[in-house]
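Peer 1: Following the hints, position chain B against chain A.
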Amino acid sequence: MRADDLRGRLDAMILSAVEHRPLHGYAVMEELRARSGGQLELPTGTVYPALRRLERAHEIAGEWQTVGGRKRRTYAITDSGRRLLESEREAWADYSRLMGVIIGDAL
Amino acid sequence: MRASVDTDPRDGVLAQLSAGLRGPRRVRADLLTELRDGLDDATDDLEASGLGAAQARRRAAAEFGDPVALARELQAELTGAQARRTALAVALISPLMEVAWRWGYPALMRDYAMRGGRPSGSALLAQLNTIQEIAVWIVAPLLLLAYGLTRRRTVALRRVTELIGLLAVGLLSVNLLTSGLMTALNPDLRDALRGNLPGLILQFGSVAGLAFLVLSTARTVRLLAFAARPVPQRE
Chain A
1 MRADDLRGRL
11 DAMILSAVEH
21 RPLHGYAVME
31 ELRARSGGQL
41 ELPTGTVYPA
51 LRRLERAHEI
61 AGEWQTVGGR
71 KRRTYAITDS
81 GRRLLESERE
91 AWADYSRLMG
101 VIIGDAL
Chain B
1 MRASVDTDPR
11 DGVLAQLSAG
21 LRGPRRVRAD
31 LLTELRDGLD
41 DATDDLEASG
51 LGAAQARRRA
61 AAEFGDPVAL
71 ARELQAELTG
81 AQARRTALAV
91 ALISPLMEVA
101 WRWGYPALMR
111 DYAMRGGRPS
121 GSALLAQLNT
131 IQEIAVWIVA
141 PLLLLAYGLT
151 RRRTVALRRV
161 TELIGLLAVG
171 LLSVNLLTSG
181 LMTALNPDLR
191 DALRGNLPGL
201 ILQFGSVAGL
211 AFLVLSTART
221 VRLLAFAARP
231 VPQRE
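From first to last, the protein sequence lines are chains A and B.
Numbering (our numbering) for the first sequence: 1 to 107.
Numbering (our numbering) for the second sequence: 1 to 235.
In short, the hints are calculated from the structure, not lab data.
Idealized CB from N, CA, C, for every residue including glycine.
All clues given are correct.
Derived pair list, reagent style DMTMM-like, types lysine to aspartate or glutamate, alpha-carbon separation capped at 20 Å:
| hint | chain 1 | residue 1 | chain 2 | residue 2 |
| --- | --- | --- | --- | --- |
| 1 | A | Lys71 | A | Glu55 |
| 2 | A | Lys71 | A | Glu30 |
| 3 | A | Lys71 | B | Asp37 |
| 4 | A | Lys71 | B | Asp45 |
| 5 | A | Lys71 | B | Asp44 |
| 6 | A | Lys71 | B | Asp30 |
| 7 | A | Lys71 | B | Asp40 |
To list a few chain B residues with every Cβ distance to chain A over 12 Å, as calculated:
| hint | residue |
| --- | --- |
| 8 | Ala15 |
| 9 | Met97 |
| 10 | Ala123 |
| 11 | Thr130 |
| 12 | Leu189 |
| 13 | Ala211 |
| 14 | Ala228 |
Just chain A, with the same shape it has in the complex:
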């Protein structure tokens, strides 16, 4: 899948990756790659500006923790982030339904 197609949804993807447990930057990218079955082709650095943007907006909270014997900045979803993720899921479901109706038969 092309990187440009994914960028607009990156925030929602990151929120879903940290939904159940806090993760550091590279682990977020690994989680997304694993979920996509290896189809995700984003450069690994792409995730860091998005993490900082989400942290500024209080959708996730970052803190330095020791992970596997190393200090890592890990991110956990906030209540506000959960609400945003929920609304992103609903928006995506609507969009997906709509596109299915419009171009679904052509696929």
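Peer 2: Then chain B, alone, in the frame of chain A:
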């Protein structure tokens, strides 16, 4: 000559990122540490998958993405962080200075205030003082609003950051002009401060507050200029 055989390509990526980032020291250092960690994690992962150490380092650097483009995205966050500090400082300190100017000086340095520190003797100073008061009470809430907006992900961070820079520069220009003129046109400040500890504290606080605001605003403007520089053309 053996050139760059042992060079770690990740260092090149980090050097480019470091050169492309300016801003509050702690935030910038945190950011660079996190990026370094990300490269280390990627390298470890690639080595665990069977690549040799040198090849893993090269692949990790290559897959990290364009450091110049990444730095520009991250710079927006750093510039925003500095602008938020400036907005909060100017929005909170300016009204405090206005209160000190209006009530503190007349109370603690009565003679000085009556002879021009407060502009009772000059129509020009009276007008300037009125402009300053109006500017503070209009701009301070706007800066607080802009501070809040930069926390929302729905607004364009760059635009609000520029707005903060503009408001802060405008307000400080008015403050510097009026306070500078009032001090310059009043010969009695030294007499008013002699043996007057509360007055000295007030005067020192005012000057320190103003200096802090000027420095913070200058940093924001400098970062805005840095963030707006042209993108280097790639060969």
